[in-house]
Amino acid sequence: MIKVESKFFTCCEPPNELVLKSGEKFGPITLAYETYGQLNEDKSNAILVCHALSGDAHAAGLHEGDSKPGWWDIMIGPEKAFDTDKYFVICSNVLGSCKGSTGPNTINPETGKPYGLSFPVVTIRDMVNAQKLLIDHLGIKKLLSVAGGSMGGLQVLKWSVHYPESIKSAVVIATNYRHNAQQIALNEVGRQAIMADPDWQKGDYYGKSIPARGLALARMIGHITYMSDKSMEKKFGRQLKDKEKVGYDFSIDFQVENYLKYRGDSFVQRFDANSYLYITKAIDYFDMTEKKSLIETFSETSAAFLVMTFTSDWLYPPHQLKQLVKALKTNDIDVTNIVIESNYGHDAFLIEQKEQTRVISPFLARIKKERTW
Amino acid sequence: MNEQNKTHQRLDYKVIVDMIKPQSRVLDLGCGDGELLYLLKDNKQCQGTGVEIDEKAIYECVEKGLTVLHEDIQSSLKDYSDKRFDYVILNESLQQVMNPRETILEALRVGKKVIVGIPNFCQIISRFQIFFFGRVPVTKELPYEWYNTPNVRFFSLKDFRQFCRMNNITIIKERGIGFNKEIAGFKNLLANFGIYLLEQ
Chain V
346 MIKVESKFFT
356 CCEPPNELVL
366 KSGEKFGPIT
376 LAYETYGQLN
386 EDKSNAILVC
396 HALSGDAHAA
406 GLHEGDSKPG
416 WWDIMIGPEK
426 AFDTDKYFVI
436 CSNVLGSCKG
446 STGPNTINPE
456 TGKPYGLSFP
466 VVTIRDMVNA
476 QKLLIDHLGI
486 KKLLSVAGGS
496 MGGLQVLKWS
506 VHYPESIKSA
516 VVIATNYRHN
526 AQQIALNEVG
536 RQAIMADPDW
546 QKGDYYGKSI
556 PARGLALARM
566 IGHITYMSDK
576 SMEKKFGRQL
586 KDKEKVGYDF
596 SIDFQVENYL
606 KYRGDSFVQR
616 FDANSYLYIT
626 KAIDYFDMTE
636 KKSLIETFSE
646 TSAAFLVMTF
656 TSDWLYPPHQ
666 LKQLVKALKT
676 NDIDVTNIVI
686 ESNYGHDAFL
696 IEQKEQTRVI
706 SPFLARIKKE
716 RTW
Chain R
853 MNEQNKTHQR
863 LDYKVIVDMI
873 KPQSRVLDLG
883 CGDGELLYLL
893 KDNKQCQGTG
903 VEIDEKAIYE
913 CVEKGLTVLH
923 EDIQSSLKDY
933 SDKRFDYVIL
943 NESLQQVMNP
953 RETILEALRV
963 GKKVIVGIPN
973 FCQIISRFQI
983 FFFGRVPVTK
993 ELPYEWYNTP
1003 NVRFFSLKDF
1013 RQFCRMNNIT
1023 IIKERGIGFN
1033 KEIAGFKNLL
1043 ANFGIYLLEQ
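Protein chains in written order, with our numbering: chain V, 346 to 718; chain R, 853 to 1052.
Excised from the complex, chain R in its bound form:
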């Protein structure tokens, strides 16, 4: 997990934990330090597996008593049979993979449900920055400059909804987070983070 969206981190975990039924089997792709999986194991008695590419984060996961695989998200999914997990989580990781479409479809293959957490690159503050300053936005939630960002895909919540429609993916739930709270309406304008419960 990267540093971006640190402010709403607790909140996005809370939203995701709420979405998951107790005792589920969960695969967290790009699990970072394993905090979310730890919460799921602790609060919902879930059986979790993490996937993470950063060696330092692996130690933190193992120290939390988690099962974790040191590998990249895309190749990791290939080894699993269909619908192996109740939930596959892609929280703050989709914007960093080269083939997001393939990754989501693979996640939907191995998971009965998929939870995706994505930063909204078209939140109002970003729009202001582009419009008034004529520069690529740098915000509290998306703190990177163009030359050092780990993000390789830039999209909005609206883009993501359209993507789901085009790929016959059902959005069961959509939750938005912005200004450190849940956003009920105008999410694509006000939320800087969107969390989706998906099914196919």
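Chain V with its partners taken away, still in its complex shape:
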């Protein structure tokens, strides 16, 4: 497997701060990013991959000393869907995250202390604007494609509407054109879990005790929404954890309880609670129908679209993204869509390698061949 490492790009130094959607100006901004494959001479083979809520710039390959590959390694690499023998793939950590890009746990150069809650509330649009600066910095005028699942898909939609001249195609997976009530509700429960933890201390916990229980609980809730009843039943059923019969106490009885605890606890080791608050808020603010109807919103878009959903994804059910497909059709936009039969729920986009590859790979080949302008 290819060895990779993250790089860093800093921009928006005062007085040239990024103007955020809220109106606030913010800078400097550092983005962690990784690239895979080679940028060709006319810089026409670049693809931006956007990550989900807890993702990072490390989408593929291995970091030195690590045994676990990047989060979308099943899709990115030689002869994979995003074939790094053909394409130059870029992934950057979003603004507001905690995986190398500027976020609430970053030291504020003015105070010498982490931003905490003084970090501005950012939106998906702001994340994308920062990504655009990185793409400019890399000298790429037009991306062959922007691709992403879940929150990554939200970024793709923003790219397609706000930078239509900068992308040839958009791969939108397992997401929605706006965050709906159930999706907001689930995020809010996660946020409340964090903020109810006394260790959260209004976000000022750096260097002190971290809100580990709250963040772990938020992640446990999240994980349930990423699976499906079928996938959970298959994986855990009613299996007990290291015991023959239930304990008649409140210790861990079931495998599923143990799994969620493990997931929650390990998440605390790798993710910042404040970032979780900021990013889920950005997702909840996302609404492509905010100012205009969905059809009008996409009227200026020129990219070719590939829209993919999964049958058992109840967090982002296929029928919601179907509305996007309808709006694209109405606008005479080249759109291909598929609802993939899968039992893996929302997580399917991180698991279903074969089916996604069978669609993405020829789609990208077509775009490369036909969209030569």
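I should point out that these hints are in silico values taken from the structure, not numbers from a laboratory. Hints may be right or wrong, so weigh each one.
To be verified - Once the Cα atoms are required to be at most 27 Å apart in a straight line, the calculated DSSO-like pairs of lysine-lysine come out as:
(1) Lys-992/R with Lys-667/V
(2) Lys-671/V with Lys-935/R
(3) Lys-671/V with Lys-1025/R
(4) Lys-699/V with Lys-916/R
(5) Lys-916/R with Lys-667/V
(6) Lys-486/V with Lys-388/V
(7) Lys-579/V with Lys-413/V
(8) Lys-636/V with Lys-908/R
(9) Lys-671/V with Lys-908/R
(10) Lys-713/V with Lys-893/R
(11) Lys-579/V with Lys-547/V
(12) Lys-458/V with Lys-579/V
(13) Lys-575/V with Lys-636/V
(14) Lys-413/V with Lys-699/V
(15) Lys-370/V with Lys-636/V
(16) Lys-458/V with Lys-370/V
(17) Lys-1025/R with Lys-873/R
(18) Lys-714/V with Lys-366/V
(19) Lys-714/V with Lys-873/R
(20) Lys-671/V with Lys-964/R
Fit chain R to the given chain V structure using the hints.
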């Protein structure tokens, strides 16, 4: 696309490709594995979109470099404005939709012309089977038993002509296929497949 009429498949594609002018915008409803659209793109530089409900077929379409929508025919048409396409194709799919009348009229709304390919349920061999054996026909072209057929509408070429008359649909061309060749006369008796170029 289902397996029926496999024998004349090449021929029906050939007939349809012949009907379509180069560089047209084409919508193929029930496009199956996308073979017809691929031929149109390849031979006539058409800009095509397929609509197909079967997930497996979608992969085959995308692998052929086609634009395809994973949805059912009837709801798919609603999103398109009037006369968006030069041609809308309903090849071997009309007999499988619940509301054929609505579907054809919608197709005529979004397409300047509509091409319909239909199996003839009253071809001579079928008539023989009904008459002599007293059973619902099962033929090489219509291989299904009553309990497993995907077809929900059963009609003849003559029925279809009458349907067009009653709905003020103009038949610009009618071509018949039977016994692996084009049938010039007595199509309702000899052809097991009819292809129509329609306009309204």
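Against the structure, the hints come out as follows:
1. Lys-992/R with Lys-667/V: Not OK: Lys-992/R and Lys-667/V at ~38 Å, beyond 27 Å, violated.
2. Lys-671/V with Lys-935/R: Holds - the C-alpha atoms of Lys-935/R and Lys-671/V are around 17 Å apart, at most 27 Å.
3. Lys-671/V with Lys-1025/R: violated (33 Å)
4. Lys-699/V with Lys-916/R: Judged against 27 Å, a Cα distance of about 17 Å means the pair holds.
5. Lys-916/R with Lys-667/V: holds (23 Å)
6. Lys-486/V with Lys-388/V: holds (8 Å)
7. Lys-579/V with Lys-413/V: The given pair, whose Cα atoms are some 24 Å apart, holds under the 27 Å limit.
8. Lys-636/V with Lys-908/R: Judged against 27 Å, a Cα distance of about 38 Å means the pair is violated.
9. Lys-671/V with Lys-908/R: Given pair Lys-671/V, Lys-908/R holds - Cα atoms ~22 Å apart, limit 27 Å.
10. Lys-713/V with Lys-893/R: This hinted pair holds, its Cα atoms lying about 17 Å apart.
11. Lys-579/V with Lys-547/V: Not satisfied, since the Cα-Cα distance of roughly 40 Å exceeds 27 Å.
12. Lys-458/V with Lys-579/V: Not satisfied, since the Cα-Cα distance of roughly 47 Å exceeds 27 Å.
13. Lys-575/V with Lys-636/V: violated (38 Å)
14. Lys-413/V with Lys-699/V: holds (20 Å)
15. Lys-370/V with Lys-636/V: The given pair, whose Cα atoms are some 22 Å apart, holds under the 27 Å limit.
16. Lys-458/V with Lys-370/V: With a Cα-Cα distance of about 19 Å, the restraint between Lys-458/V and Lys-370/V holds, given a limit of 27 Å.
17. Lys-1025/R with Lys-873/R: Measuring from Cα to Cα gives roughly 14 Å; hence the hint holds.
18. Lys-714/V with Lys-366/V: violated (36 Å)
19. Lys-714/V with Lys-873/R: holds (24 Å)
20. Lys-671/V with Lys-964/R: Since the Cα atoms of Lys-671/V and Lys-964/R sit roughly 21 Å apart, the hinted pair holds (cutoff 27 Å).
Comparing the model with each numbered hint stated earlier shows that hints 1, 3, 8, 11, 12, 13 and 18 do not hold.
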